[in-house]
Amino acid sequence: MSLPPDSVDRLLRGAAKSPPRPIEGPSFALETRTLQTWRRAVAGADTQPLLQLWRAGLATAFAVAAVAVTASAYAGRQADQESTDPYTGVAQELTVAINTNWQP
Amino acid sequence: MDESPLDVGACLARVRGGDEDAARQLLVHLHPLVVKIVRAHLPRRSSEEDLVQAVFAKVFTRLDQFRGQVPLEHWVSRIAVNTAYNELNRERVRPELRHADLSEEESEIIQNLAQDTGELPLDQALGAREIVEKLLSQLNPADRLVISLLHLEGRSIEEIHLQTGWSATLVKVRAFRARQKMKKHLHQLLREHKP
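Here the protein sequences line up with chains Z and P, keeping their order. Position 53 (the first sequence) corresponds to 55 in the working numbering; numbering is contiguous. Position 161 (the second sequence) corresponds to 684 in the working numbering; numbering is contiguous.
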């Protein structure tokens with residue numbers, strides 16, 4: 003026995019005519035869990051701007067600290083360079099010499 | 524009890540403002556729609572309540588993403604269909620359908636389909652539905668979804684395109700192939716019935 007070509011279509015049309023099962027209202031458990039999820043989402047949305055502000059502040063503080071450390075390191079290197087400059091000491095000695103030899 | 528239709532826009536605004544009563548009203552309003560979709564696409568091993576819960580969890584956590592460009596019901600339908608589809612995708616094992624799995628009434632309906640060319644009588648609609656459910660369980664999730672939406676829920680190609688994101692051509696091709704697969708399974712059941 004073979005099936006007519008439209009057998010699946012007839013079956014589907016027949017199935018579509020079946021009365022829908024009655025739908026009761028949401029159960030207490032479903033309502034409770036859904037509202038709990040929603041409350042959490044709302045609380046998350048409320049703290050979001052504060053969290054963003056805190057992150058922005060943290061990023062700024064980090065940037066300022068980085069600039070300060072870099073500037074400090076640069077200044078330290080400059081000082082090192084000056085202290086190793088051979089003419090720096092000579093100039094100081096000369097000043098001292100002039101000052102001390104100025105006595106009449 | 525107040526039976527007046529819910530003003531969805533106003534209710535949404537209240538929900539966004541943190542009104543719990545409005546959230547409850549919205550849940551009650553959307554519940555029949557979500558249950559209907561979940562029942563139409565429920566994977567074999569999933570619980571209806573769990574899947575409905577999963578859909579509502581997504582809806583309520585993403586409410587701030589709803590821009591109002593489409594009716595809320597369409598937006599919720601899309602979430603429900605996608606959630607069910609993802610759940611169907613997880614269901615990897617599809618045990619083979621045998622004639623022995625059919626009830627007497629279902630077996631009789633298949634005989635009718637083979638012998639008669641007319642429409643199935645109304646009193647066989649439930650049995651036909653059961654057979655279709657069993658045949659759908661043999662298909663992959665995409666084929667199953669397209670048949671449910673197109674033939675059981677009576678959605679148009681355009682509606683399916685909007686809900687799934689598949690092109691109209693893809694929907695038509697999938698539906699055609701899915702019907703062919705169903706026919707193959709149906710034929711096999713009929714062959715098994717013969718002594």
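Hint data in this document are derived by calculation from the structure and do not stem from the laboratory. You may find that some hints are simply not true.
Unchecked claim - Calculated cross-link-like contacts (lysine-lysine; reagent style DSS-like; alpha-carbon spacing at most 30 angstroms):
hint : chain 1 : residue 1 : chain 2 : residue 2
1    : P       : Lys704    : P       : Lys559
2    : P       : Lys704    : P       : Lys581
3    : P       : Lys707    : Z       : Lys19
4    : P       : Lys657    : Z       : Lys19
5    : Z       : Lys19     : P       : Lys559
6    : Z       : Lys19     : P       : Lys704
7    : P       : Lys559    : P       : Lys657
8    : P       : Lys695    : P       : Lys657
9    : Z       : Lys19     : P       : Lys706
10   : P       : Lys695    : Z       : Lys19
Verify the proposed pairing of Lys704/P with Lys581/P, using a straight-line Cα cut of 30 angstroms.
33 angstroms, violated
Is it true that the CA of Lys657/P sits at most 30 angstroms from the CA of Lys19/Z?
Holds, at about 17 angstroms.
Mind checking the alpha carbons of Lys19/Z and Lys706/P for me, to see if they're no more than 30 angstroms apart?
With a Cα-Cα distance of about 20 angstroms, the restraint between Lys19/Z and Lys706/P holds, given a limit of 30 angstroms.
Holds or violated: Lys19/Z and Lys559/P, Cα atoms, limit 30 angstroms.
15 angstroms, holds
Given the hint that Lys695/P pairs with Lys657/P, does the C-alpha gap stay at or below 30 angstroms?
22 angstroms, holds
Can the restraint linking Lys695/P and Lys19/Z be considered satisfied, given a maximum Cα separation of 30 angstroms?
Cα-Cα ~22 angstroms, so holds.
Decide if the proposed pair is consistent with the structure: Lys707/P and Lys19/Z, CA atoms, cutoff 30 angstroms inclusive.
This hinted pair holds, its Cα atoms lying about 23 angstroms apart.
Is the hinted pair Lys704/P and Lys559/P satisfied, with a Cα-Cα distance of at most 30 angstroms?
Holds - the C-alpha atoms of Lys559/P and Lys704/P are around 25 angstroms apart, at most 30 angstroms.
Pairwise hint evaluation, Lys657/P against Lys559/P, where the allowed Cα distance is 30 angstroms at most:
Distance ~18 angstroms between Lys559/P and Lys657/P Cα, so the pair holds.
Given hint Lys704/P paired with Lys19/Z - CA-CA distance at most 30 angstroms:
22 angstroms, holds
Against the hints set out earlier in the document, a violation occurs for number 2 only.
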